[in-house]
Amino acid sequence: MPSEQGFFWGDLGAGAAVGAAMAAAGHGLMLNVSPVWLAFLLVIPAGALGGMMLNMALFARFLGGMETMLQSWLCGAVGALVGACMASDGVVGAMAAGVGAGVAVFLGLRLWSARIAARARRGIWS
Amino acid sequence: MKAAERARRKWDRAALGYDLMAGGAQERRWEAPKRALYRTMGQGRILFVALGTGLDIAHFPPGRDITGLDISPAMLKRAAPRIAAYSGRLQARVMDVGALDFPDAAFDQVFTACTFCSVPDPVRGLLELHRVLRPGGTLGLFEHTGSRCFPFNCLLDALTPLSRLVGPDLNRDTVGNVLRAGFDVESVEPHYLDIVKTIRARKPI
Numbered sequence: 001m002p003s004e005q006g007f008f009w010g011d012l013g014a015g016a017a018v019g020a021a022m023a024a025a026g027h028g029l030m031l032n033v034s035p036v037w038l039a040f041l042l043v044i045p046a047g048a049l050g051g052m053m054l055n056m057a058l059f060a061r062f063l064g065g066m067e068t069m070l071q072s073w074l075c076g077a078v079g080a081l082v083g084a085c086m087a088s089d090g091v092v093g094a095m096a097a098g099v100g101a102g103v104a105v106f107l108g109l110r111l112w113s114a115r116i117a118a119r120a121r122r123g124i125w126s
Numbered sequence: 001m002k003a004a005e006r007a008r009r010k011w012d013r014a015a016l017g018y019d020l021m022a023g024g025a026q027e028r029r030w031e032a033p034k035r036a037l038y039r040t041m042g043q044g045r046i047l048f049v050a051l052g053t054g055l056d057i058a059h060f061p062p063g064r065d066i067t068g069l070d071i072s073p074a075m076l077k078r079a080a081p082r083i084a085a086y087s088g089r090l091q092a093r094v095m096d097v098g099a100l101d102f103p104d105a106a107f108d109q110v111f112t113a114c115t116f117c118s119v120p121d122p123v124r125g126l127l128e129l130h131r132v133l134r135p136g137g138t139l140g141l142f143e144h145t146g147s148r149c150f151p152f153n154c155l156l157d158a159l160t161p162l163s164r165l166v167g168p169d170l171n172r173d174t175v176g177n178v179l180r181a182g183f184d185v186e187s188v189e190p191h192y193l194d195i196v197k198t199i200r201a202r203k204p205i
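Keeping their order, the protein sequence lines are chains X and S. Numbering-wise (our numbering), the first sequence opens with residue 1 and increments by one. Numbering-wise (our numbering), the second sequence opens with residue 1 and increments by one.
Hints listed in this document are in silico derivations from the structure and should not be mistaken for laboratory results. From the three backbone atoms N, C-alpha and C, an ideal C-beta is built for every residue, glycine too.
According to the in silico footprint, chain S covers these stretches of chain X (three or more CB under 8 Å from chain S): (1) 56-62; (2) 109-116.
So the derived label-pair ranges between C-beta atoms look like this: (3) S:E5 with X:R61: 28 to 34 Å; (4) S:D184 with X:L12: 36 to 42 Å; (5) S:Q91 with X:V103: 46 to 52 Å; (6) X:P45 with S:P61: 45 to 51 Å; (7) S:I205 with X:R61: 44 to 50 Å.
Extracted from the complex, chain S is given alone in its bound form (with noise of 0.2 Å):
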């Protein structure tokens, strides 16, 4: 089976859960990092990856015109009502971030929030964004990364296994793989030891 075929079936699996699981303490407590992040999106064509039951569409400002994507359609299905409400065009579609049906240079933000500590390949998925976005436009992610502390990554590697069965990788470089894929990373925000951050970068032009 292929790996996004894999992922896919794992996130529709975890639809059902999803809010117990990441909309209680975990949500409230990156709230304010997620606003501010999601504050900079702008009046153009912005590209959501991983809407998952649409959590974060009510940190979203109004207004904006907004493609969402998920490899899960049963999360999709249920972000269904968030995405109704949202005041602004927000349209859902489901695809896999790593082989992504638009043309290049489609939109002029992207962005995501815990993300590419689940997505398969994530180099190949940030060149998917790299591709889709135009010269000179912003990535924004919210992210769950591994640490340059070696004690802790030691134990981020050690857990990775069992937290790879329910949902994502603890200890993956996310900022190394936004270089990799071609970005200029303009910041890295920490909000929590080095494992949890806001990074934002650019396609050069």
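Chain X extracted, bound-state conformation (with noise of 0.2 Å):
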């Protein structure tokens, strides 16, 4: 049974890959569509989308779907997005690129969750 650690480092993990993963694609997109208003037009909400289907398709079952939803669709938005503007530098850099941005985005969330506890722990909650 995965314990509390195990799912913070699972969150991370599949964070990471689907910012990858929305990277590559973001790359892909910026480099065959144009012009590139309509590529950047369409990166971000590809990459929310594809974030969550990846999501759903490979971490769901370990990780809970519903949980990680929110997290897959930022992720897979703003690695796309990382994607789309490192589109000079190959798709490696992208997707390294996109590994950072997965990071920082459960990192953000990790914080503002932790953000939102100590506040409701105050009694703040409304």
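Starting from two chains that each stand alone, build the complex the way the hints lay out.
Spelled out as structure tokens, the structure:
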């Protein structure tokens, strides 16, 4: 049975993987779709949707689907945007940046979650 | 067709694959906060709303006097072995939380998990729980709710029409609904962002 720590590392790994995969997709979208403004318009919703689908297909069984949905949506969207912005650096560079984006989103959500929990402990919940 | 009948049919359909959907990682992830909530079950009369296939029974403390209910007969049929294995008094009844067949103040405590994201009229259901709970009695909920964070709530609003087809709404204001039903909210403990939380409330004396 995964412990709370197991879920922490699982969520982190899933965020990084989704970020990397959607960065590759964003990179590909940027190279193959023109004009550029159309590619940028597509990249965020496509990344969000792709991230969610990837999460549901690969990670939800181990980490819970509903619980990781928001994270995968954000990691996918931000990863795809980062990948699109790194179109000139090659797909490996884009994917590395996507890993960073996924980890950053994960850490941002964790920090925000901790802040909400701290406020609730002080009786602030509305 | 009435909302309650639609809900019964939906959950009857979901019963077959429910353990597969909710009994894996989701159940393990939230086991600790659920156990912490159920540890507050006392020795009085306890109502557990939405027993489902009985996944939560393993987390109940032993030796309690619990009445479990669910709107879906198919769910309770699947729960039967878990109900039989509980080392206490646990009886299950098919009932809609919006129309409870219990007298006023019949219970000392009410518990439920992941229920008021799915009940068609949550305030009506919570008003019924308020009625059957004795004055001073406690309500403990573990729930998925909407978020106070605007972009997240936009996403939850957008996804709710889809999620509703197979199960819960993702954007309910359950803390607000508990207050609207006349309870005093004693604590809200978020477990994941602002969307998964334990809510503890009390019926005023």
